[in-house]
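Number of protein chains: 2
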Amino acid sequence: MDGARNGGGKPPTIRDVAARANVAFSSVSRVLSGHPDVSEKMRVRVTTAATELGYKPDFLAQSLRSGHTRTIGFALRDISNPLFANVARRCERDLRRAGYSMIITSSDGDIAAEAENLELFRERHVDAVIASLVSETAPTTLQQLEQLTVPLILLDREVPSIKASALLSDHYAGVRAAVDALLAAGHVRIALITGELDVRSTRERVRAFDDAHAAAGIPTAPDLMIFGTFDSDFAEVEVHRLLALPDPPSAILTGGVGVTSGALLALHHSGLSPETDIAVVALDEWPQFAALAPSIWSVHRDSDEMGAALAHLVLDAMGGAEPRMEITPTEFHPR
Amino acid sequence: MDGARNGGGKPPTIRDVAARANVAFSSVSRVLSGHPDVSEKMRVRVTTAATELGYKPDFLAQSLRSGHTRTIGFALRDISNPLFANVARRCERDLRRAGYSMIITSSDGDIAAEAENLELFRERHVDAVIASLVSETAPTTLQQLEQLTVPLILLDREVPSIKASALLSDHYAGVRAAVDALLAAGHVRIALITGELDVRSTRERVRAFDDAHAAAGIPTAPDLMIFGTFDSDFAEVEVHRLLALPDPPSAILTGGVGVTSGALLALHHSGLSPETDIAVVALDEWPQFAALAPSIWSVHRDSDEMGAALAHLVLDAMGGAEPRMEITPTEFHPR
Chain B
26 MDGARNGGGK PPTIRDVAAR ANVAFSSVSR VLSGHPDVSE KMRVRVTTAA
76 TELGYKPDFL AQSLRSGHTR TIGFALRDIS NPLFANVARR CERDLRRAGY
126 SMIITSSDGD IAAEAENLEL FRERHVDAVI ASLVSETAPT TLQQLEQLTV
176 PLILLDREVP SIKASALLSD HYAGVRAAVD ALLAAGHVRI ALITGELDVR
226 STRERVRAFD DAHAAAGIPT APDLMIFGTF DSDFAEVEVH RLLALPDPPS
276 AILTGGVGVT SGALLALHHS GLSPETDIAV VALDEWPQFA ALAPSIWSVH
326 RDSDEMGAAL AHLVLDAMGG AEPRMEITPT EFHPR
Chain C
26 MDGARNGGGK PPTIRDVAAR ANVAFSSVSR VLSGHPDVSE KMRVRVTTAA
76 TELGYKPDFL AQSLRSGHTR TIGFALRDIS NPLFANVARR CERDLRRAGY
126 SMIITSSDGD IAAEAENLEL FRERHVDAVI ASLVSETAPT TLQQLEQLTV
176 PLILLDREVP SIKASALLSD HYAGVRAAVD ALLAAGHVRI ALITGELDVR
226 STRERVRAFD DAHAAAGIPT APDLMIFGTF DSDFAEVEVH RLLALPDPPS
276 AILTGGVGVT SGALLALHHS GLSPETDIAV VALDEWPQFA ALAPSIWSVH
326 RDSDEMGAAL AHLVLDAMGG AEPRMEITPT EFHPR
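Protein sequences appear in the order of chains B and C.
Counting in this note's numbering, the first sequence runs from 26 upward without gaps.
Counting in this note's numbering, the second sequence runs from 26 upward without gaps.
Don't read these hints as lab results, they were simulated from the structure.
In this text the structure is predicted, and so the values were computed from the model without any measurement.
It is possible that some hints are incorrect.
Which copy is meant is left open, because identical chains are indistinguishable; a pair holds if it fits in one copy or across any two.
To be verified - Here are the simulated DSSO-like cross-link-like pairs (lysine-lysine), alpha carbons at most 27 Å apart as the crow flies: (1) Lys66 x Lys188; (2) Lys81 x Lys188; (3) Lys188 x Lys35; (4) Lys66 x Lys81; (5) Lys81 x Lys35.
The shape of chain B in the complex, shown without the other chains (with noise of 0.2 Å):
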C-alpha cells in the first residue's frame, strides 16, 4: 500500500536471482528448494546472488510446496479471561523457542466464532490446533475438529469421537477440598454458579459438590445449583436473586472469573463482604486475584504450569508421539 516505505522498490523475485546468476528460473528453483540434483558450483552461484540481492523466499509459497508454516493454532473460548490468557502467554513463549509463532483467536464465548475460527486454522494450514472450546457438544465444532488433518490438543475438554491429546485440570480435588471444609464449618446451604454443563469443568466441578455432600450426610440443594454462562452479567443478576431468596445461601462457590466478578460486584451492591457477611470461594484465580483479593477463598491452578505443558504437549504430538492426557493439579486455598 505504500511501497516507498521499503525503500521504493519491491522485494526480489526469483526471477531476479535467475538474472543476477544468469542460469535459469528453473535452476533457482531447483538449488533453493534443495533439490539434490544440483551442481555444487551451481548452488554457490545462486546463493550468491540471493544474498547479494537479499532475496527472502516467499512465505506463503514456501509453505505451499513443504506443506509445513510452523505456526501452532490456539482457539480460546475468550481472550479477556486472564487465566486463560496467561496459559496463552506461556504456551506461547516456549513455542517460539522451539521455533513455532502462535496464532491466537478468541471466539467470545460464541459457538459460530468457534466454528469459523478453527476454518480459520484449517485454510492457514497451521502445523497443529489446541482448542479450549467454547462447547464439547455443538455439531458446527465437532465437524470442524473432525476434518483437522494435524495434531489437536484439548485445553480441560473431553470429546471421546476425536483422537486428541488432551491437558485437563484436577477440578474435582480442589473443589471437594472447598465444600468439606465449608460443610465441615457448618455451612450446609452452599450454593454453586457457574457455566454450562457441556464443558468438563462444570462436570468435574459438579460431581465433586455432590460427593462432598454425599459424604457429610446433607443434601445439596437444587435452587442454589445454577448453571448458565461464564459470564459476569449472568452471575451478578443470580447472586442477588439468591440474596433475595426466604433461605439465602451462606457460601457461594463461583466457577471461574467472570462469574466470581459478577458475584463480588452484586455482594458489593448489596452491602455484604465476602470476608464477614457470605463465605465466597473462587473456583480458578488468576495472575492479579492474590494482589486484588487476598482475603477471598479460592481453588487454584497454576496457569504457568499449564502453558508449559501444553507448548509439551503440542511439540510431542507435531514429533509423532501418540495421543495422551495430562492432569495438572488444583488446589483449595483457604485464607
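Following the hints, complete the assembly by docking chain C onto the known chain B.
The following block gives chain C in isolation, referenced to the frame of chain B:
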C-alpha cells in the same frame, strides 16, 4: 497426519474438478479465478463439478494469487494484561463481523520477540497490522515497521518516523485530575511507579504528574518517581523500598495492571490497607478490577470502546483512508 479423520480421502484438488467436468485444468483455473474470458456454459460445468466434489480453493494458493489474506495481525505487548486482552477481544469481534480474522501475538514485554512477531505478520501477508509496541525506539522494531507495506495502526504509541494511524488514550486528563485531587487533600509525598519512558503512556502520565505539582506550587519528589518495567515483581520490590524510606509516600500512583498488582501485594504483605493507610490510584482498571477492588481509586479507560475504535481505524485504513489519530478519554474515579 491422521488422514482417516476426514473420511479417508485427500480433499479434492483443481485436477479432480477438471476430470469430473471433463475440461482442461486451465479452464477450471480460469473459471475459479473469475477470469472474464469464460463462456457461461463452461462456468456452469466447472462450478457444478466443484460443488459436487466439495472442492474448496486452497487458501494459501488463493492468497498467493490475490495478495490478500483477509487477516489482521495484532501485536500485543503482553496478552496477560487483561485491559489489552479485552481491547483485542472487542476488536476481534468487530473485525470478524466485517469478514476479517485476527491473528494475535504476544511479545511478553520482550523486544526480540516483538520483532519476530512483526516479521511473522509480514510473512503471513496480513492485510493490516495493529501494534501495542514494547518499545517505540528499539531499532529491530523500527526496522520491521519500516518494511511494512500494509496499513499500520498504533495503539497508544507514537513513532513519528513511520506513517501510521494511531489510537491514543488521553492519559494526561485522568492523571492530572487524580494528582490535583491528592494534592488538594493534603498529600505532598506522592509516588509514581510505572514502566519505561520509551512509550507514550508513561510520558503523558509524567507530564500530568509534573504539571499538577507545578500548578499547586508543590515540588515533585525525584526519589518517588520510579520508571522500570510494567511488571508486578518490579513494583512489589519498589513499593517495599518506598515504605522503608525515612519519609515514605502517603499516596502512590501505579501505572499499569502489573504495577498495580505488585503494589497491592506489597501493601498487603506490609499489613497496610489501600483504604485506610495509604492512598492508591490505579492507572488503568480492567474488567475484574471493580469487582475485586471497589474502594481503590483509579484512572479508567474503556477497553470495549478502545477495541471498537481500533477496528474502525483498521477498516478505514484498508479502505484507503489517510492515516489519522484518534483520542479516547480517561476518567479519574475517586471512590
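These are the hints, each one checked on the structure:
For the homomeric pair Lys66 and Lys188, neither the shortest alpha-carbon distance inside one copy (48 Å) nor that between copies (44 Å) is at most 27 Å. Proximity of Lys81 to Lys188 under the C-alpha cut-off of 27 Å is restricted to the inter-copy arrangement: shortest distance 24 Å between copies versus 37 Å within a copy. Taking the shortest Cα distances, Lys188 and Lys35 sit within 27 Å of each other only across copies (18 Å), while inside one copy they are farther apart (45 Å). Proximity of Lys66 to Lys81 under the C-alpha cut-off of 27 Å is restricted to the intra-copy arrangement: shortest distance 21 Å within a copy versus 42 Å between copies.
With identical chains, the CA atoms of Lys81 and Lys35 are at most 27 Å apart within one copy only, with a shortest distance of 12 Å there and 31 Å across copies.
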